[in-house]
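Chains as they are written, first to last, in full-length UniProt numbering: chain A, 1 to 206; chain B, 1 to 206.
The set of hints was computed from the structure by calculation and includes no laboratory data.
Bear in mind that the values here come from a model prediction, so they are computed numbers and not experimental data.
Worth double-checking, as some hints may not be accurate.
If chains are identical, the list can't say which one is meant, so a pair holds when it fits in one copy or spans any two.
Listed below are the simulated DMTMM-like cross-link pairs for lysine to aspartate or glutamate, each with C-alpha atoms no more than 20 Å apart in a straight line [as the list claims (entries may be wrong)]: (1) K6 to D88; (2) K6 to E71; (3) K138 to E165.
Protein chains: 2
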Amino acid sequence: MEFSSKLLEQAVDQMSQLPGIGRRTALRLVLHLLRQPEHQTEQLSQSLTNLRSHIIFCEQCHNISDTPVCEICSNPNRSSELICVVEDIRDVMAIEATGQFKGKYHVLGGKISPMDGVGPGELKIQSLVERVRQGEVKELILALSATMEGDTTNFYIYRQLEGTEVDISTIARGIPVGDELEYADEVTLGRSLQDRIPFESSLKRN
Amino acid sequence: MEFSSKLLEQAVDQMSQLPGIGRRTALRLVLHLLRQPEHQTEQLSQSLTNLRSHIIFCEQCHNISDTPVCEICSNPNRSSELICVVEDIRDVMAIEATGQFKGKYHVLGGKISPMDGVGPGELKIQSLVERVRQGEVKELILALSATMEGDTTNFYIYRQLEGTEVDISTIARGIPVGDELEYADEVTLGRSLQDRIPFESSLKRN
């Protein structure tokens with residue numbers, strides 16, 4: 001791609017470093033900004049710079065926050081006995097959207113993945129162990145992805161917590177609500193058979 | 001979507017105003033920036049702001065430029081007698097990439113589209129007419145999209161230039177090189193039959 005302007009080329013170069021944004025898309029986005037009023041570009045730049053320089057991670061759960069302790073961790077109506085362990089902030093948002101969880105979170109910041117150079121030291125596992133050792137936590141729900149990396153991370157956390165009193169559970173794997181059996185893969189279907197629950201208790205779910 | 005941080009929400013709001021970027025994608029991009037070193041966000045913001053505030057449009061062809069007259073317009077090896085009329089800068093880049101065009105350009109900034117509120121007054125048509133009236137231009141190649149809006153714009157320009165000496169041509173419509181006949185739509189195939197060229201002159205093309 002040959003550009004008629006160095007400024008344009010620099011903007012496209014920077015934009016195309018974002019994941020999933022190729023140079024053609026980057027050019028389209030940058031030309032869109034040029035057609036919009038100047039304050040729109042100002043606001044975009046400003047909000048990105050603000051976010052990057054002023055963002056705080058909650059010192060308890062490591063969720064993104066505007067305050068040293070996030071709103072969830074500082075909410076007295078949420079139980080500190082129940083902690084849900086997730087990979088990143090998007091998982092917190094997804095679980096919050098269900099309205100089903102009244103405990104607190106622990107955001108690992110990823111999962112153990114030697115292929116991507118992510119070991120246990122890169123994740124907030126040590127601080128999870130310390131949180132549990134303080135004694136308030138009764139149950140830990142491991143809510144990581146149902147992938148090999150997720151399973152590895154689950155197992156690593158489980159081993160680190162051996163000798164503590166905490167109950168460790170994982171979220172249920174099974175057929176998604178609304179799905180047809182015939183389209184489910186056999187591993188999921190197998191797990192949903194093994195982890196079957198009494199019909200009467202399924203009636204109590206909403 | 002409920003955010004745990006106002007700063008994050010603002011960044012996602014701004015990012016999702018870009019075309020084709022929904023709120024989920026915006027969140028993914030913003031979280032990616034948070035995981036990268038701070039200088040990457042700085043550079044992105046800086047290059048967008050720089051582009052928006054310092055960009056110049058060439059006073060002759062209206063292409064994006066770093067100088068008052070762009071590199072193409074100020075190149076003495078390019079003919080001022082042949083002008084290719086295009087919609088936007090991406091078309092200039094596409095035609096430059098062919099290496100087949102040795103004239104200069106005129107960037108309209110869009111095409112006439114009443115549905116989108118774009119009339120002739122929003123486009124650089126008047127300055128094209130003035131360029132032609134100055135007398136140096138011998139031929140105008142209309143290279144707009146083969147759509148109704150493109151055809152309308154072509155016709156409008158043609159009418160505006162009635163009474164001038166300039167030759168007006170349009171780029172050839174036909175079967176794309178490398179395509180099978182059976183997959184061509186009937187309008188394109190029809191046009192390629194009507195606009196057939198002597199076989200011997202086709203041999204001279206590369």
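Hints versus structure:
Taking CA atoms no more than 20 Å apart as the test, K6 paired with D88 passes between copies only; the shortest distance there is 17 Å, against 37 Å inside one copy. Proximity of K6 to E71 under the C-alpha cut-off of 20 Å is restricted to the inter-copy arrangement: shortest distance 12 Å between copies versus 44 Å within a copy. For a Cα distance limit of 20 Å, the shortest separation of K138 from E165 inside one copy, 8 Å, qualifies, whereas the shortest one across copies, 88 Å, does not.
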